[in-house]
Amino acid sequence: MSAVLDVVSMTCLVAGAFLCLTAGLGLVRFPDVLSRMHAGTKPQVLGVLLVMVGAALRLQGWSNAWMLLLVAAFQMLTAPVSAHMISRVAYRRRHVRRDLLLVDEFGAAPAGDRLYVGDEPGDAPPEEPEIAIAEHVVDDRGPGDGAPRR
Amino acid sequence: MTVVSYVLYGLIGGGALLALVRLAMGPSLLDRVVATDTLLVIISAGLAVYAALERDPTVVPVLVVVSLLAFVGSVSIARYVGGMLRGSVTGDGSDLGLPVAAEEREARG
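Protein chains in written order, with my numbering: chain A, 6 to 155; chain B, -15 to 93.
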């Protein structure tokens, strides 16, 4: 029984460590911030989960297992938040290889976005409500028309 | 078992070294934030691997602290860069004197 547990936990640990190596490779080789984030977040969820499962199988006692579970749950809660904020700022700051993009749904907006800066809370009201409403209702002005108003 | 431990430390050390290379090369602040985030995750994975191999649970509370610190650090730097762009008319900070992103230059040239 103990030998089986050891084999399972070692398999999980090797898989998680391999994901750490792939994250490093992707960080060095990928061309822009967004694709580097794509590579760097592989060990943040799956790698950490595998390593925590492996460690919890190896360590005896429920207290260690609960603490490792806390680490894994915290990673899964915080990784999307920080990834969203970093990628939002990276897009605004033009850290994107636009010639490599297949779809750029955000790029048709004139001169960035006037309504949201990207670091306000998610339920913040629009700073310029009349433009926000007008852009939803009237959409025939074309993308390059409206000059930025700030 | 020792072979497995060499393989594990080798994989994790290689990942950490490559993340350090990206941290040193940059070229932008956000690249370094992403590299630091990944490096802290790799460090916590390494601590957990050490705890598992040695059956030593004393480093387990350190894991909680490291994962907390990674989140707080990356979010605060992202908010800092977003605050630099706050008064920008063009939206990317080029009118505020911030340098052109390296990705833009590569896409053009």
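Simulated from the structure, these hints should not be mistaken for laboratory data. Computed from a prediction, not measured in an experiment: that's the story for all the values here. Do not rely on the hints blindly, as some may be mistaken.
Cβ-to-Cβ under 10 Å is the rule here; a few derived chain A residues that face chain B [said to hold, decoys possible]:
hint, residue
1, L24
2, G31
3, T46
4, K47
5, Q49
6, G52
7, Q65
8, S68
9, A88
10, S92
11, L107
12, V108
Simulated coverage check for chain A against chain B, where a stretch passes if three residues somewhere in it have a Cβ under 8 Å from a Cβ of chain B [what the hints assert, rightly or not]:
hint, region
13, 10 to 22
14, 33 to 44
15, 75 to 86
16, 93 to 106
Sample of chain B residues facing chain A (criterion: CB under 10 Å; computed from the structure) [claimed, not checked]:
hint, residue
17, V(-12)
18, Y(-7)
19, G(-1)
20, L7
21, A19
22, R39
23, V44
Note that the Cβ used here is the ideal one computed from N, Cα and C, for glycine as well.
Indices of hints not satisfied (ascending): Numbers 11, 12, in rising order.
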